[in-house]
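In order, the protein sequence lines correspond to chains A and B. For the first sequence, my numbering gives the first residue as -4, with consecutive numbering after it. For the second sequence, my numbering gives the first residue as -4, with consecutive numbering after it.
Read the hints as simulated data drawn from the structure, not as lab findings. Not one of these hints is a red herring.
Copies of the same chain look alike in the list, so a pair counts if it works inside one copy or between any two.
DSS-like mimics (lysine-lysine), calculated; alpha carbons at most 30 Å apart, straight line: (1) Lys333 - Lys160; (2) Lys269 - Lys356; (3) Lys537 - Lys290; (4) Lys334 - Lys160.
There are 2 protein chains.
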Amino acid sequence: MNHPMLKGKSRVIIEDIQPQIEGGLYPAKRTIGDRVDVVASIFGDGHDHIRAKVLFKKSGAKEWNEVEMLPLWNDEWKASFYVEEKGAYLFTITAWIDHFETWFDGFKKKADAKLDVHVELLEGAIILNKLSNTNASLKTYVRKLEDKTHYAQAVKLVLSEQFSKVVHENPLIENETTADREQEVLVESKKALFSTWYEFFPRSSSLEGGKHGTFKDCARLLPRISAMGFDVLYFPPIHPIGKINRKGKNNSVRSQPEDFGSPWAIGSDEGGHKSILPALGTIEDFKNLIADAKKIGIDIAMDIAFQCAPDHPYVKEHPEWFKQRPDGSIQFAENPPKKYQDIYPFNFETDDWRALWEELKSVFLYWMDQGIFIFRIDNPHTKPISFWQWVIDEVHKVNPDVIFLSEAFTRPKIMSSLGKVGFTQSYTYFTWRVTKREISEYMNELVNGASRNYFRPNFWPNTPDILPFHLQNQSENIFILRYALAATLSSSCGIYGPAYEFNENTPIEGREEYSNSEKFEIRHYDWKKTNRMTDIISIINKTRNENEALQSTWNFHLCSIENQNIIAYLKATDDLKNIFLVVVTLDPHGNQSGYVQLPKEKLKLTDKINIKLHDVVTDERYTWTQEWNFVEINPNKMPFHLFKIEIHESNM
Amino acid sequence: MNHPMLKGKSRVIIEDIQPQIEGGLYPAKRTIGDRVDVVASIFGDGHDHIRAKVLFKKSGAKEWNEVEMLPLWNDEWKASFYVEEKGAYLFTITAWIDHFETWFDGFKKKADAKLDVHVELLEGAIILNKLSNTNASLKTYVRKLEDKTHYAQAVKLVLSEQFSKVVHENPLIENETTADREQEVLVESKKALFSTWYEFFPRSSSLEGGKHGTFKDCARLLPRISAMGFDVLYFPPIHPIGKINRKGKNNSVRSQPEDFGSPWAIGSDEGGHKSILPALGTIEDFKNLIADAKKIGIDIAMDIAFQCAPDHPYVKEHPEWFKQRPDGSIQFAENPPKKYQDIYPFNFETDDWRALWEELKSVFLYWMDQGIFIFRIDNPHTKPISFWQWVIDEVHKVNPDVIFLSEAFTRPKIMSSLGKVGFTQSYTYFTWRVTKREISEYMNELVNGASRNYFRPNFWPNTPDILPFHLQNQSENIFILRYALAATLSSSCGIYGPAYEFNENTPIEGREEYSNSEKFEIRHYDWKKTNRMTDIISIINKTRNENEALQSTWNFHLCSIENQNIIAYLKATDDLKNIFLVVVTLDPHGNQSGYVQLPKEKLKLTDKINIKLHDVVTDERYTWTQEWNFVEINPNKMPFHLFKIEIHESNM
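Bound conformation, chain A alone (with noise of 0.2 Å):
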C-alpha cells in the first residue's frame, strides 16, 4: 500500500490486524485445538457491501483454508479458526467489495419500495452469468432473470430465501485488497496451557528424620503426588552448592560445617550446571527417577538459575565471563546496599558473550538429553531478554515441545516481553490479587488483554520465596480458598507443595518469606500424612484432569453476585459439551451468601431454564430453574463451590 497507485481499483482498507505482536515481529501463541479470532478494521468509500475473510493455513502448506468475516460494529470485522496441529501457523484477510451482494441489497429495497427493476434483473443476470464462470448451475438463475416475459416470476425468484442464499455462497470477488503481510501463529503442545505443578525440595524427600534426601527418596514420594492429581514436579536446582560463601539457616551470612546452602549458589569443585549434587545421588538415579515420574504421568521440571557461587569450575575456567573488579575480585550479586557474596552473575556484556551464550544453551541441551523438557528459568529478567529469544529458539529447533516457565516477578512490561519473545508459561501477580476486583481486573487484563497473544499465566498461591501477607499465621480456609481460586481461574497452576499441604504459614516478620526458610536448610515432613487439604486439591486435580472445561485459562467469564466477598465464574468449552460454574468466597471465617446470576446469552438458555448442578468437592445436587440463584458459603464446610453443569435438552 506504499504506492496507492499500485491498489488502483481495490477500495477496501485493511487495519489493525489482531493478533498481531509488535507488528509481527514476535508470533502470536496458540496451543492445540485452541480457537484463533481474528479481527481487523475493515473499510471502504462509499455504499458498497464489503465481504471479508481469513485465510489460513500450517506453515509450508499449499491450499490456504477459508473462513468468512463478519462485522461486529465500528468496521470492525472478526473471524475465528481452529489451530489442531502443533507448529507455525500463517494467516491473512482478504476484502472486497461484493457488488453481487450490493446489487442484491439495493433490489430487495427497490422492490419493497414497488420500483421497476426491469434494469436491475438484467443487471443481476450479468453478475450471475459472470459467476457461473467458476458455479456452472448458476446459468438457469441468468436465464429466469433474463426473461421478461416472466418479470413477476424474476422479481419473485430474487426474493425468495433460496436467492439469498445463492448471493451469500456466491462471493463475487473483484478488486480485492489482501494484507500486507502474512501473520504468524504458534501453535504449542497442550501441556504448555494445562499443567499442574508440584514443588519440593528433593533433599527433603527422606522420610526419615535428619536425613539428606536422594533422589530414591523422591521416586518413592511419585504415587503420593500423583495421587493429588499433579502432573509436573518442580525441584530447585539439584546442582552441586557452593562451599564459598555458603550461607547460613535463615539466609545467614556465616553458615555452620552442617549447613547446606542455598541449592541457587549453583556450582562447586564438585561440578557445576551440567553436574548433580552428590548426596542426592547420581545421574542414573536422576534419570531414573525421570523414568518412573513419566511412567504415571509426571514429569520433571527442572530449575535453571544462571548465576555460580564462588567455587563453580566456571569462574576459574571463563574468568573472562565474570565482572573483574579493580582489586582483582569478581563482582558478586549486589542490589545497593545489599550484598549476596555466595552468588556471582554472568556478565552478559563479556566480549565473549558468544561462547558464554553457547555454554548457556549446551546446559539446556545437556538435560534434554537427560529427558527433561520442562524448565522453570529463576530470575530471567536479570538475564537480556535477546539472550532468552534466541536460546528459546535454539532449544525448540531441537525439540519444539520443551516448556519454559519464567519466573519473572517483576514490572509488567518485562513481564510481557519475557513472553513475547518465547517463555511458554509465567509466574503471575495472582499470588497478590486477594480481593475480588483484584482477580476480576487481573483475570480480564490476562483474558481479553492483548498479552493473551503471548502471555500464558501459570497461578501460585505460594513458593519457598513468598508467603504472601494473606496466609501468614491463617488457617486452612484461605489455603484451600487460594487453590481453589488458583486452579480454577488459570489452566496451570502450581504449589510449593509440602509447606502448603501442611499449613506452613509463619513468616519471617514483617516480610512476605517463610520463616525458618527451606531454601538454607533441609526440612523434614512426615510424608505418609496426607489431610483434608490434600483431600481437596485431589478432587480439584482430577476434575481439572477429567474436564477440558477447567483446561484452559482462555474461556474465563465472570458472573455477576451482588457480593464483594462471593467470586463467581464460569468455565466452558466452546460447544458447551462441559460446563462448570465456580463460586468461591473471599471471607476465609464466617458465612457469605448472595444471587449469581447465570449468563444466559453465553450458556444459549431460553427463558425456560432448567439446569442441573453438580457440586464435585461436596458432591451435592442442584436443579437451577431462575438465572438468578441464591448460592450460600460456609468457609468451615467447603470455602467454595465447583460446580458442574448439566443443561436439561429442553433449554438448548
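Put chain B on the given structure of chain A with help from the hints.
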C-alpha cells in the same frame, strides 16, 4: 531485532514508539512550531540504569539533534522537540545501560550505608578515564578518585552536587540499542492548523434582490468578511450547473425554468470541473477576486465535488468513466430506494482508472494555476481512499502548502483514514456534540487520542447541509455560544456565514436541513447590515488572530467546575506567555454559576495565587487569588467569558 544474536551485548528493548501511524505506513503530522512528544516503552534486564535519547532531524540533513528522554511510569519514556521548518522530519530512539549512572547510584547507597568504597572509587576512575577520551576535562576527576591518600575527600567529591552534574552530562554510551526504523513527521504550514472559514454562495452575493451574484459582487463583500476576522472564504462549486434533471427549490425533482439548480450538480454544455458558471463571471473575474482577497489576508477555498451532471462534458467524452446499465443508460447516484437523477458518480472501478485519476488530478493543478491552494473536498468518503492518498501526494509534490479539507461526516475509521492518507483538515462531529460530557469526551479523543497525529479538526456549528436540531427555531444566544465553542476549542473553525449571522433557524420539519435551502435557490442577504452576532464573531476572531494560545487545538485543557451547564477550559502556549481561560454556558436560557478551578500545576502557580483576568468580549477585569473562583453567566448578556490571563510575577 529479528535475529537476537545480532543484538549481542545490547540489553535494552525499545517498543511501542509513538507517534507512529499504522506501523510507520503514514507520517505523523505537525505544523510549524508544533511540539512532537515522543513516547516509547524502554526497558532492560536487571537493575542497571537505563538512559535514552530521541534523535531527530530534517529529512536529508546530515546531523541528528538529540534530546534526552525521561521515564514517566511503567517503563514508558518521553522526550519532546519542536519542529520549526516545513517538510519531513525523521526521528528515532537510542537507549543504553549507563554503567556510569548505575555505578554512581550504587556508590551513593553504599556510602550512605557507611560501607567501604575504596574499590568503588577505582571503578569510578576507570569509567571516568574511558569518558575522558571524549571529554578531557574529566581527567582531573580520574586523578582525584584514584588518589588513595585522600579517600575521604574523594568520597565527598563523588557525593557532591557538582559530581552529580558530571554524571548527568557525560553519559557512558555502550552497546546501545537503536530503534529498528526511523519514524517520519510531516510538518505543514501554520494555516493547516489555524484557519477561520466563512462560507457563502457567490450567486447570493448581489446587493440587489433577485439578481444573480457575480465574482465582482463577491469582491465587494471582502472587506466585510475581513472585518469579521475570517481568513478563508469558501465557495460551494462555481462550475456550470447541469441542466438535465436539474433540481428545483427545496430539492424538488422537477425544476422550473427560472430555477438555478444545485451547484453540486456539476457540468453542462457550458463546461465542467475546469469551467466557471458564466453567470458568476469569467476566469479573469475569479482571478481578480482571488488577488483582491489575498491583499486583505483572505484565501479563497474551492469546493471540489468529483461527480457530474448528466450533461457534463465528461459524460460524452469519457462514457467509460461511468457505470453503463444494461438498458444503455448511465447509472445515476442512488441510496436505494432514493434516487439522485441529477448526479452521475464516477465509476472508480473503470478499467480506465489511471486516466480518470490523472484527469481528476489535473483539476487541482488547473485551479492551483489560477491561484487557489485551499480545497474543500465534497464527500471524499465516497471515492476510493487510495485515490486520495495518491492525488494529495501528487498535488503536494507541486505545492506542499495546498490544504485539503475533508467533508466526510461518516463513520470514525473512515474519517480517520482520510486524515492518515493526507487530508489536512476534517469536518468533525462537533456539529452534534452539545452537552458538557459530549464536548469534553470528544475533545479528549481529538487531543489525547491516537488521531491527534493525523486528524486536524475543523469545527463547524452549521453548514448548508446541516442545521442541527439544537439550533432550530432558537434565538441568537445558542448561535453565539456555539461559535464561541467552535472558535476557542478548535484552532480551525468555520460557519456557513450569512445563515449564521442572520439567525436562519427554520428547518425542514423533523430534519437537520434548512427550509428553502440555498443549495437550490438564490437567497438575498442584506449584506450592509451587521448585528450583535456579527460583532461578537468579529471580537472572537480578532482575539484568535492576535493570540497564539487560540491558534492551536492541541493545548486544550479542561478545568473543573461543578456545574454540568458550564464548560471551562484553558488554552495556553507551552511557555505560558499567552493564556486564555474560556468559560461557556451550555444553557442559552437562564443564569448559571459555579466555582471554576485553576489548573495550578499546568499554570505553574504557587499557593500564593494572584492572577488578572480580562474578558476581551465584555472588557471586564477581575483579580483571582484563589484556586477555586466563582463565575456566573447570564446568557442574555453574554453566554461566555473569554478571559485573557496575566499571571503576576510573584506568582511564577
